[in-house]
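Its first residue numbered 1, the sequence shown is counted upward by one per residue in the working numbering.
These are calculated hints, taken from the structure and not from any lab test. Here the structure is a predicted model, which is why all the values come from computation and not from measurement. Be careful, since some hints might not be right.
[Said to hold, decoys possible] Straight-line C-alpha distance at most 27 angstroms; calculated DSS-like pairs for lysine-lysine: (1) Lys58 <-> Lys178; (2) Lys135 <-> Lys178; (3) Lys58 <-> Lys135.
[Said to hold, decoys possible] Across the chosen pairs, the derived CB separations fall in these ranges: (4) His74 <-> Ile129: 32 to 38 angstroms; (5) Glu155 <-> Asn65: 38 to 44 angstroms; (6) His74 <-> Glu172: 40 to 46 angstroms; (7) Ala70 <-> Asn132: 21 to 27 angstroms; (8) Ser139 <-> Asn175: 18 to 24 angstroms; (9) Thr75 <-> Asn116: 35 to 41 angstroms; (10) Val239 <-> Glu155: 44 to 50 angstroms; (11) Leu238 <-> Ser162: 19 to 25 angstroms.
Glycine included, every Cβ here is placed at the ideal spot set by N, Cα and C.
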Amino acid sequence: MKNISLRLALLQLLIVSCTTDTVDNDNKISNQKSKKNVRLVQNVNPSNPANIYDFAGKLHNDILNIYLAANYQHTTIAQISQEIEAIALTNNDLMILDVETNLSSDPNLIQEIVNNPQTKLNHVIENSIMTNSAKESLSNFMNDIHVLESTPYEEIYQSIISYESSVINHPEFNNEEKRIILTTSSIIRYSLYFASGRKDEDWGSSIGHRVGGLSGAINNSTTAIMRSLVTGIMINNLVAD
């Protein structure tokens, strides 16, 4: 009887040991995959020299980094907009870009985007000056990005630059349509890169900041950058709360 009890005790110890080893191995594999994904993101450069509006996305991330590094606790669109405008005024590249541009981000419009981003996206595209073919192309792109946003950044990056190439070489899109689309795609490409390097996965997951960028791109690059920033920060604050 004692021998049977001893065997059962040894068997339980073996089972516990094997289970612990399995959990440890699973954790190691998971950690290795996470580290590998981080390295892949770090090795991807978000720029696309073929897109002449690439600067829009870069300036977007430059200003966003400064804002977040200061750890501001602003909770309203007006407060965020004022701070982003102040940071923008110190950015020489942005000031050279559009010296005549009013940096105001249009708080009322941003609130509409925050409240219902998908409806506003459809409205902005439909009421733009672009031709129907350009509208359809941009609408499909925005929907594709929404579907792809949970995939690794390097895959999203390849998809975006492939789309940008098709826009650049499109024989029917005029220069203004290309400007609007390529400014928007540049901001999206850089903002998704920024989001991929953050621990809080909610950052960048809303389409709101993309709609803000697009609505601003209808006017000019500076407005696109400012509106995307303010909208994105406001939405992220709401999600964090």
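Violated hints - listed by number, lowest first: 5, 7, 9, 10 and 11
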